[in-house]
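Start from the sequences and build out the full structure, keeping to the hints where you can.
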Amino acid sequence: MSEETENKEQSLFEAPPPAEQERMCEAMLFASAEPLTRAELEARMPHGCDAAQALANLARRYEGRGVRLIKVGEAWAMRTAPDLGYLMQKETVETRKLSRAATETLAIIAYHQPVTRAEIEEIRGVSVSRGTLDQLLELEWVRFGRRRSTPGRPVTFVVTQHFLDHFGLESTRDLPGLKELRAAGLLDSRPPPDSLTRGGGEDGDEDDEQDMLFDD
Amino acid sequence: MSEETENKEQSLFEAPPPAEQERMCEAMLFASAEPLTRAELEARMPHGCDAAQALANLARRYEGRGVRLIKVGEAWAMRTAPDLGYLMQKETVETRKLSRAATETLAIIAYHQPVTRAEIEEIRGVSVSRGTLDQLLELEWVRFGRRRSTPGRPVTFVVTQHFLDHFGLESTRDLPGLKELRAAGLLDSRPPPDSLTRGGGEDGDEDDEQDMLFDD
Amino acid sequence: MGVAMVTDRFDETAAGEGAFDSVADRMAAESLIVDVDGFEGPLDLLLTLGRTQKVDLRQISVLQLARQYLAFVEKAKALRIELAADYLVMAAWLAFLKSRLLLPPDPTDEGPSGEELAAHLAFQLERLQAMREAAARLMARDRLGRDVFARGIPEDVMRVKRVIHTATLLDLMHAYARIRTRDEFRPYVMDRDWVVTLDEALDRMRGLIGFSGTWTDISSYLPEGMGSDPARRRSATASTFAAALELVKEGRAELRQSEHFAPVQLRRKGAADA
Chain B
6 MSEETENKEQ SLFEAPPPAE QERMCEAMLF ASAEPLTRAE LEARMPHGCD
56 AAQALANLAR RYEGRGVRLI KVGEAWAMRT APDLGYLMQK ETVETRKLSR
106 AATETLAIIA YHQPVTRAEI EEIRGVSVSR GTLDQLLELE WVRFGRRRST
156 PGRPVTFVVT QHFLDHFGLE STRDLPGLKE LRAAGLLDSR PPPDSLTRGG
206 GEDGDEDDEQ DMLFDD
Chain Z
6 MSEETENKEQ SLFEAPPPAE QERMCEAMLF ASAEPLTRAE LEARMPHGCD
56 AAQALANLAR RYEGRGVRLI KVGEAWAMRT APDLGYLMQK ETVETRKLSR
106 AATETLAIIA YHQPVTRAEI EEIRGVSVSR GTLDQLLELE WVRFGRRRST
156 PGRPVTFVVT QHFLDHFGLE STRDLPGLKE LRAAGLLDSR PPPDSLTRGG
206 GEDGDEDDEQ DMLFDD
Chain X
-6 MGVAMVTDRF DETAAGEGAF DSVADRMAAE SLIVDVDGFE GPLDLLLTLG
44 RTQKVDLRQI SVLQLARQYL AFVEKAKALR IELAADYLVM AAWLAFLKSR
94 LLLPPDPTDE GPSGEELAAH LAFQLERLQA MREAAARLMA RDRLGRDVFA
144 RGIPEDVMRV KRVIHTATLL DLMHAYARIR TRDEFRPYVM DRDWVVTLDE
194 ALDRMRGLIG FSGTWTDISS YLPEGMGSDP ARRRSATAST FAAALELVKE
244 GRAELRQSEH FAPVQLRRKG AADA
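Protein chains in written order, with our numbering: chain B, 6 to 221; chain Z, 6 to 221; chain X, -6 to 267.
By construction, these hints were calculated from the structure, which means they are not laboratory data.
Note that the structure is a prediction, hence the values are computed from the model and not measured.
Careful, some of the hints might be misleading.
[Said to hold, decoys possible] Below are the BS3-like pairs computed for lysine-lysine, each with C-alpha atoms no more than 25 Å apart in a straight line:
| no. | chain 1 | residue 1 | chain 2 | residue 2 |
| --- | --- | --- | --- | --- |
| 1 | X | 47 | X | 68 |
| 2 | Z | 95 | B | 76 |
| 3 | Z | 76 | B | 95 |
| 4 | B | 95 | B | 184 |
| 5 | X | 68 | X | 91 |
| 6 | Z | 95 | X | 154 |
| 7 | X | 242 | X | 262 |
| 8 | X | 154 | Z | 102 |
| 9 | X | 91 | X | 154 |
| 10 | X | 70 | X | 91 |
[What the hints assert, rightly or not] Heads up, incomplete: computed chain B residues facing chain Z, CB under 7 Å, no partners named:
| no. | residue |
| --- | --- |
| 11 | 31 |
| 12 | 32 |
| 13 | 36 |
| 14 | 92 |
| 15 | 93 |
| 16 | 102 |
| 17 | 142 |
| 18 | 144 |
Here a beta-carbon is modelled for each residue, glycine too, at the ideal position from N, C-alpha and C.
Quick look at the structure:
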């Protein structure tokens, strides 16, 4: 094909103007209760659309409004402004209050992910009951990550997009106090200084592999 | 908590500014699972608010946007703009091979055009179902040609420019003749194995019957 | 000498706050013991005990903490409260740690020093405390469904399936070749539409023979319309003749031929000679 025909073809599929693309993203995000990724948006838009630009425009447009465009991991969602939460009492979802064990376990997974069950137990100094992890998995705040490439290939746990969405986080890098905790060395994996570990359950060597996920 | 009490205290004296009331309605209408009446909105808003004004402002603000404020009976709701309804569909495209009956019919039209339905049937040796021709017409590979000036003035079929484009032909004259087909090994003793897979039999007559079965 | 050292060091700490410690330890142990079940394991208990020191966890006296913990365990024993095994394991470990911290380092011992062990315990406590605070901050965030809300009337995305049919030029060639050469590779079959079978002939003659009292040329028994198609006529003649023989065999008919190549004649058996 010659260049001329190519150009003609391209113009046939010219993307809609930016304002129109913004409208499209607005409609799709409004219609969805779940966050949508850029790819998901573009898959439904006409050929040649750039959702990234439309999303940026949209985020600006909704600044300070009653609803906002927020980023959740790799996806985007419209959510009500947090200061107006009190108006939505009718919409409030009664969630079972999480036990202290569950909230601590969740925090450990979020800040230390990917983390094995043994590592969670090492940090909390107590064994993790099956129900605790089940509850977090059921809430879809936590999922199984990759297996560790250490002996026994233990399974790891990581937090999910649901978790980010629920707590209004763009990514795990935005976890409150993450920087300070890291600076204080409290997110390091520091194996016990000897083999005389208490409880006898933990395997010190296993921790060596636990490099911070957040380093990237 | 403190914000809420503050709001309440404030409401004792004066209603929030109009822009704030608009934000409130926006958030409530976004989050509500059903349309809300003006009374329902005001019941949730601080004392002294005028939802009617806020709704009017909101309706104006969303004019021409991807979502609109609409009235449902006595209540209000936010809905996707009707012209963007197509974005709420996820189209999955499945590619299928053209049926044998359709391929044969198409081949006959390409080699013998303009050709009537009766002529196609004579060449194929079996009747051509309406569905087969409809499919080819729908694919825009075939269109109606001139009527024959014979008794009954039967309609003829010809292939389209689209057909030529799809098959990479300049004209139907480029279609190889029987000699070339034979030279290319396409006429060797037996039909190509893939054409036999469906019926499984080697009996030509049986194949014809199969064709008719699969015509639709 | 070792004993002297212990006394020395113990005195060092005891001089300032030793007496207070023991009272505080006892009081702490007594108030906590009621709530053993409320603790999430020994580390949690240690953290709670550590808080009574009213210092930053980084400056915590692990030695004092060990004493507090051991006092707690003693108290529990005195009250005949059964502690879970891991509390006792921790007690044993802390007793070991205490001795390490109090005794001068043994040059033959290759294990970690008491200070190293104490530092790690302090780290663990600080880390647990940090995670606990992080959890609280996390739970206090604006949360979806409580402070922040998603779309109340989500619109479902309809799934539309579209089928595209395709064919290649080669498919087209194959198809055309198949049609145009159908006869060439037509397998051999007996085409039987011009055949008159023996059964057909027999059926026909059984119906006719009853009326045949006189000698009749066998050719008159052929089905009608045989004249035009010689192949069919041959087939009909053969099967009619065979059927005639069959009738003779059954004793229902008689056959005769006056000479070679003369017409074969047939009549009903038992008919009177003409």
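Restraint check, 7 Å cut-off on beta carbons, for residue 31 of chain B near chain Z: 3 Å, holds
Verify the interface restraint on residue 36 of chain B: the C-beta must sit less than 7 Å from at least one C-beta of chain Z. 5 Å, holds
Grab the minimum C-beta distance from residue 142 of chain B to chain Z and call the hint holds if it beats 7 Å, violated otherwise. Nearest chain Z Cβ about 27 Å off; hint violated.
25 Å limit on alpha-carbon distance, applied to hinted pair residue 242 of chain X and residue 262 of chain X: Given pair residue 242 of chain X, residue 262 of chain X holds - Cα atoms ~11 Å apart, limit 25 Å.
Going by Cβ atoms only, is residue 93 of chain B closer than 7 Å to chain Z? Holds - the Cβ of residue 93 of chain B comes within 7 Å of chain Z, reaching about 5 Å at its closest.
Can residue 144 of chain B be said to touch chain Z, with a Cβ gap under 7 Å? 21 Å, violated
Compare the distance between the alpha carbons of residue 95 of chain Z and residue 154 of chain X with 25 Å, and conclude whether the hinted pair is satisfied. Measuring from Cα to Cα gives roughly 8 Å; hence the hint holds.
Residue 76 of chain Z paired with residue 95 of chain B [C-alpha distance capped at 25 Å]: 21 Å, holds
Do the numbers back the hint for residue 92 of chain B, that is, is its least Cβ distance to chain Z under 7 Å? At about 5 Å, which falls below the 7 Å cut-off, the nearest Cβ of chain Z leaves the hint on residue 92 of chain B intact, so it holds.
Please work out if residue 68 of chain X and residue 91 of chain X have their alpha carbons no farther apart than 25 Å. Distance of about 18 Å is within 25 Å: holds.
When the least beta-carbon distance from residue 32 of chain B to chain Z is tested against 7 Å, hint result: 4 Å, holds
Would you mind confirming whether the straight-line C-alpha gap from residue 95 of chain Z to residue 76 of chain B stays at or under 25 Å? Measuring from Cα to Cα gives roughly 23 Å; hence the hint holds.
The structure does not agree with the numbered hints 4, 9, 16, 17 and 18 stated previously, though it agrees with the rest.
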